[in-house]
Every structure is written in C-alpha cells, then in structure tokens.
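Enquirer: If you want the building blocks of each chain, they are given just below.
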Amino acid sequence: MMKLVIINYGAGNIKSIQFAFKRLGVNAILSNDPEEILNADKIIFPGVGEASTAMKMLVESGLDTLIPTLKQPVLGICLGMQLLCKSTEEGNTKGLGIFQTDVKRFPNDLKVPQMGWNVIKELKSNLFSGIKENEYMYLVHSYYAEHCNETISATDYGLNYASALKHKNFYGVQFHPEKSSLAGEQILKNFLEL
Amino acid sequence: MLTKRIIPCLDIKNGRTVKGVNFVDLRDAGDPVELAKQYADVGADELVFLDISATLEGRGTTLDMVLHVAEQVNIPFTVGGGISSVEHVDALLKCGADKVSINSSAVKRPELINELAEKFGSQCVVVAIDAKQIDGNWKVHLAGGSIPTDIDLFQWAKEVEYRGAGEILFTSMDHDGTKNGFANEALAKLSVELNIPIIASGGAGKVQHFIDTFKEGKADAALAASVFHFGEIPIPELKKELKAYNIEVRL
Numbered sequence: 088m089m090k091l092v093i094i095n096y097g098a099g100n101i102k103s104i105q106f107a108f109k110r111l112g113v114n115a116i117l118s119n120d121p122e123e124i125l126n127a128d129k130i131i132f133p134g135v136g137e138a139s140t141a142m143k144m145l146v147e148s149g150l151d152t153l154i155p156t157l158k159q160p161v162l163g164i165c166l167g168m169q170l171l172c173k174s175t176e177e178g179n180t181k182g183l184g185i186f187q188t189d190v191k192r193f194p195n196d197l198k199v200p201q202m203g204w205n206v207i208k209e210l211k212s213n214l215f216s217g218i219k220e221n222e223y224m225y226l227v228h229s230y231y232a233e234h235c236n237e238t239i240s241a242t243d244y245g246l247n248y249a250s251a252l253k254h255k256n257f258y259g260v261q262f263h264p265e266k267s268s269l270a271g272e273q274i275l276k277n278f279l280e281l
Numbered sequence: 012m013l014t015k016r017i018i019p020c021l022d023i024k025n026g027r028t029v030k031g032v033n034f035v036d037l038r039d040a041g042d043p044v045e046l047a048k049q050y051a052d053v054g055a056d057e058l059v060f061l062d063i064s065a066t067l068e069g070r071g072t073t074l075d076m077v078l079h080v081a082e083q084v085n086i087p088f089t090v091g092g093g094i095s096s097v098e099h100v101d102a103l104l105k106c107g108a109d110k111v112s113i114n115s116s117a118v119k120r121p122e123l124i125n126e127l128a129e130k131f132g133s134q135c136v137v138v139a140i141d142a143k144q145i146d147g148n149w150k151v152h153l154a155g156g157s158i159p160t161d162i163d164l165f166q167w168a169k170e171v172e173y174r175g176a177g178e179i180l181f182t183s184m185d186h187d188g189t190k191n192g193f194a195n196e197a198l199a200k201l202s203v204e205l206n207i208p209i210i211a212s213g214g215a216g217k218v219q220h221f222i223d224t225f226k227e228g229k230a231d232a233a234l235a236a237s238v239f240h241f242g243e244i245p246i247p248e249l250k251k252e253l254k255a256y257n258i259e260v261r262l
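Same order as they appear, the protein sequences are chains A and B.
With the first sequence counted from 1, adding 87 to any position gets you the numbering used here.
With the second sequence counted from 1, adding 11 to any position gets you the numbering used here.
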C-alpha cells in the first residue's frame with residue numbers, strides 16, 4: 088500500500104487535503120517525523136498562512152534541511168509551493184530554493200487576495216494528465232511566483248504568472264486541488280500515480 | 012481570468028439546515044452534507060453555512076457538521092454565525108472550514124480581525140456587514156440586523172480591510188428578502204474604494220439581479236439563499252445566462 092505523508096509543521100487547513108485523499112481512497116498520514124517523511128512514497132507539502140512564520144516553523148523543526156533532500160515525488164500546495172521557491176516578498180522570506188524563481192506580491196491596482204476560480208493553461212506535465220487547457224482551479228493568494236524554466240502551468244490575474252512549477256521530483260501548485268472539484272481530484276490522483 | 016462566484020447560503024441550526032429547502036431528488040433536505048454535495052455538483056463555486064444555533068450544544072453539533080462537510084465536499088466553504096473568539100475559529104478551521112465569517116463580534120471588538128488575520132491569514136477571514144440606509148446614510152447593524160449603530164458602512168468596511176480581512180460579505184437589509192435586486196450602488200462604491208473582494212448579499216430574485224450586481228455593483232461574488240433552495244433559479248442556467256452577458260463564470 089502506498090505511503091502518503093502530509094508534512095505537518097503547523098500550517099493551516101491540512102484537514103481538507105487529508106479528506107481529499109480519503110475521497111480517493113488513500114489514507115494520508117500527518118507527520119513531522121523525519122524518518123516517517125523519508126520513508127514515504129509520496130509527500131504533500133501544504134501551507135496556508137504567512138510565509139515568514141511558516142518558514143520559522145520549518146527551521147525550528149529542522150524540516151528546512153530535510154525537504155530539499157527528498158527523492159520521492161513532493162507536491163507543494165499554495166504557500167507550500169511558494170516556500171519551495173528562492174524567496175518570497177511576504178515577510179522578506181528566503182525560501183528552500185528548489186524552484187529557481189521568486190515570489191512577488193500582486194500589484195496594488197488588483198484586488199488582493201485573488202480569491203476564487205481561475206483557469207490554468209499552457210499545461211506541461213503529466214501532473215495534468217486528463218486535464219484540459221483552461222480548466223478552472225480554486226485559488227486564494229496575495230503573492231505569485233514569476234515564470235521560469237520550471238513553469239508547468241500559467242494563470243492570468245492582472246499579469247501572467249506561474250500557477251504550477253516542477254523541478255525533478257518536486258511539484259508545486261498555487262491553486263488548491265483539494266478544493267477544486269473534480270478537476271482538482273484528477274490532479275491529486277495524477278500525483279499519486281507519478 | 013478570475014471568475015465571478017455564485018454562493019448559496021445555508022442556515023444551520025443544531026447541525027441541520029433550516030428555513031425550508033425544496034430540492035428534488037434529496038432524500039433528506041435537512042442534511043447539510045447532502046445539500047452541500049448537491050450544490051457542489053451543479054456548479055456552486057463556494058458555500059456559506061450560517062450557524063443560527065442558540066445554545067453551546069447546538070454549536071458543538073455544528074462543529075461536527077463542518078467536519079462532515081469537509082470530508083465529503085470538494086469546493087470551499089465558509090462558516091459564520093456567533094463566532095467571537097480565536098479559539099472558536101481555530102476549532103472550525105481544524106474541522107476543515109476554509110474561511111470563517113465574523114459580524115457583530117468584529118464591531119464590538121475590532122481587534123478580533125487583526126488577531127484572526129495574524130494567526131490564520133487574511134484569506135480565511137470574511138467580515139460580514141449588515142447595513143441599511145437611515146436618512147440616506149448606510150449604517151451598520153448588529154445581531155442579525157436588529158440593533159442599529161451609528162457606524163458608517165464605508166468607514167467600517169475600510170477599517171475592516173485595514174485590519175486584515177480578506178473579504179467582505181455585504182448584506183443590504185433594505186434589499187434582503189425583497190427579491191428586488193442587490194444594493195448595487197453601495198456595492199459599487201465598496202468595490203471601488205476597497206482592494207479586497209466584495210460578496211453581494213440580499214435581494215436576489217431573478218437572473219437579471221445577478222447580471223446587474225456583477226456589472227453595475229462590481230461585485231466579485233453573489234450570495235443568495237431561497238432562490239437557490241427552492242429551485243427558482245437553477246445554478247447551471249444562471250451561470251449560462253451570466254456567460255451570455257459576457258460575465259466570466261466557471262462552467
């Protein structure tokens with residue numbers, strides 16, 4: 088049986104992710120135990136909340152050094168994805184540097200946070216198998232990742248930004264697949280099948 | 012492009028939906044989970060649960076309901092009604108609610124907004140504002156609209172944003188229940204003066220009202236109860252109509 092671990096470092100709303108996998112018939116374990124994380128087949132790196140606080144919690148638990156060494160597929164969701172980037176303007180925070188891009192705040196002429204359903208396009212990974220171009224995903228965020236070579240999906244909100252990233256075994260999505268209806272479920276299913 | 016959201020609102024008492032829901036093909040119209048799933052299936056973009064339980068015990072049951080909704084529903088949902096402490100919000104979020112909505116408690120103690128935004132992030136803090144016009148001025152009302160205050164709607168909305176709210180749910184008591192359309196003038200003013208999303212509430216009666224509130228009212232989302240619960244406006248048809256009027260919606 089597949090061992091799926093959701094990294095539990097105090098970030099908010101991991102229950103929803105756990106439930107989403109439960110709907111797919113997979114029991115996701117919440118853990119901050121390095122051994123359990125290292126032994127997982129697949130890892131979810133969640134995150135809701137403020138970047139510098141979240142990074143502080145990662146550092147305190149030593150997970151900041153563990154995460155970059157992971158070899159199995161890792162999926163960062165929302166703030167989880169942003170923390171895998173080089174840096175974020177939120178709280179001037181240095182990220183884990185997996186994705187070679189920076190996270191910026193949306194300009195002030197836009198309503199911030201972007202809240203609601205927007206489309207993902209220019210899909211470039213098997214994470215999106217069975218997902219059509221311009222599929223709707225649920226997003227809630229004030230900061231966005233700039234495009235880079237690792238962009239695997241793009242979204243427009245005032246500007247065009249990277250709504251998903253991939254580097255080797257690391258995947259990151261800005262949207263919330265666990266809250267994005269059937270299309271979101273398909274993406275989680277794809278991740279399990281990577 | 013970010014789409015406009017359609018949000019059904021369900022009243023919850025002691026863990027069950029109340030205030031009449033008349034849905035076909037529903038085994039138990041009082042079961043919030045079943046109703047929520049049905050709404051998710053027909054294309055609702057989000058759900059709001061308003062807890063009107065009077066007792067602590069009733070609120071406990073609601074917590075249990077939140078857990079079951081989170082377990083089975085794959086779209087975001089907000090829980091509101093009688094929330095006045097960080098601990099209560101923590102419990103709701105731990106049960107899987109995506110956002111909470113606070114109202115009277117924020118007026119009584121505005122620091123609550125800061126505390127929630129700092130602890131849980133702005134994205135999960137919705138501030139609901141009930142207001143009505145008194146001598147031509149929009150005044151905030153408390154306790155489900157029963158207690159008038161001298162607070163100006165627009166000033167309060169700005170303070171709420173400044174303190175860290177992620178979204179405002181504005182209900183016009185002058186329009187609520189009338190089925191004559193939303194308070195578009197006030198909504199447009201909120202939308203222009205503020206930099207966070209605004210949810211329009213109160214007054215939905217027909218499809219045209221939704222078109223108007225998105226176009227004239229510049230609302231980011233529209234919330235309604237009875238027109239959805241009684242099938243007067245089926246959500247798929249509503250969204251098709253909106254799309255025909257060049258309003259971006261998720262189909």
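Check each hint, because a few of them may be wrong.
[What the hints assert, rightly or not] In silico DSS-like cross-links for lysine-lysine, where the CA-CA straight-line distance does not exceed 30 Å:
hint: 1; chain 1: B; residue 1: Lys130; chain 2: A; residue 2: Lys102
hint: 2; chain 1: A; residue 1: Lys219; chain 2: A; residue 2: Lys198
hint: 3; chain 1: A; residue 1: Lys191; chain 2: B; residue 2: Lys229
hint: 4; chain 1: B; residue 1: Lys229; chain 2: B; residue 2: Lys143
hint: 5; chain 1: B; residue 1: Lys24; chain 2: A; residue 2: Lys198
hint: 6; chain 1: A; residue 1: Lys181; chain 2: B; residue 2: Lys130
hint: 7; chain 1: A; residue 1: Lys102; chain 2: B; residue 2: Lys143
hint: 8; chain 1: B; residue 1: Lys254; chain 2: A; residue 2: Lys211
hint: 9; chain 1: A; residue 1: Lys102; chain 2: A; residue 2: Lys255
hint: 10; chain 1: B; residue 1: Lys130; chain 2: A; residue 2: Lys109
hint: 11; chain 1: B; residue 1: Lys150; chain 2: A; residue 2: Lys219
[Unchecked claim] Label-pair ranges, simulated between beta-carbon atoms:
hint: 12; chain 1: A; residue 1: Gly184; chain 2: B; residue 2: Glu98; range: 35 to 45 Å
hint: 13; chain 1: B; residue 1: Gly156; chain 2: A; residue 2: Asn221; range: 34 to 44 Å
hint: 14; chain 1: A; residue 1: Pro155; chain 2: B; residue 2: Gly71; range: 39 to 49 Å
hint: 15; chain 1: A; residue 1: Asp243; chain 2: B; residue 2: Gly71; range: 36 to 46 Å
hint: 16; chain 1: B; residue 1: Arg120; chain 2: A; residue 2: Lys255; range: 41 to 51 Å
hint: 17; chain 1: B; residue 1: Lys105; chain 2: A; residue 2: Asp243; range: 50 to 60 Å
Since the hints were made in silico from the structure, they are not lab data.
C-beta atoms are modelled at their ideal positions from N, C-alpha and C, and glycine is treated no differently.
Enquirer: If a hint holds in the structure, say so; if it doesn't, say that too.
Expert: So, going through the hints one by one against the coordinates:
1. Lys130(B) - Lys102(A): 17 Å, holds
2. Lys219(A) - Lys198(A): 27 Å, holds
3. Lys191(A) - Lys229(B): Since the Cα atoms of Lys191(A) and Lys229(B) sit roughly 26 Å apart, the hinted pair holds (cutoff 30 Å).
4. Lys229(B) - Lys143(B): 19 Å, holds
5. Lys24(B) - Lys198(A): Given that 30 Å is the threshold and the Cα spacing comes to 34 Å, the pair is violated.
6. Lys181(A) - Lys130(B): 21 Å, holds
7. Lys102(A) - Lys143(B): 38 Å, violated
8. Lys254(B) - Lys211(A): 28 Å, holds
9. Lys102(A) - Lys255(A): 27 Å, holds
10. Lys130(B) - Lys109(A): 27 Å, holds
11. Lys150(B) - Lys219(A): 47 Å, violated
12. Gly184(A) - Glu98(B): 35 to 45 Å: At roughly 37 Å between Cβ atoms, Glu98(B) and Gly184(A) fall inside 35 to 45 Å, so the hint holds.
13. Gly156(B) - Asn221(A): 34 to 44 Å: At 41 Å between Cβs, range holds.
14. Pro155(A) - Gly71(B): 39 to 49 Å: Hint holds: Cβ distance 43 Å, inside 39 to 49 Å.
15. Asp243(A) - Gly71(B): 36 to 46 Å: Holds - the Cβ-Cβ distance for Asp243(A) and Gly71(B), about 44 Å, lies within 36 to 46 Å.
16. Arg120(B) - Lys255(A): 41 to 51 Å: Holds, since Arg120(B) and Lys255(A) (Cβ atoms, about 49 Å apart) stay within the stated range.
17. Lys105(B) - Asp243(A): 50 to 60 Å: 34 Å, violated
Violated hints, in rising order: 5, 7, 11 and 17; the structure is consistent with all others.
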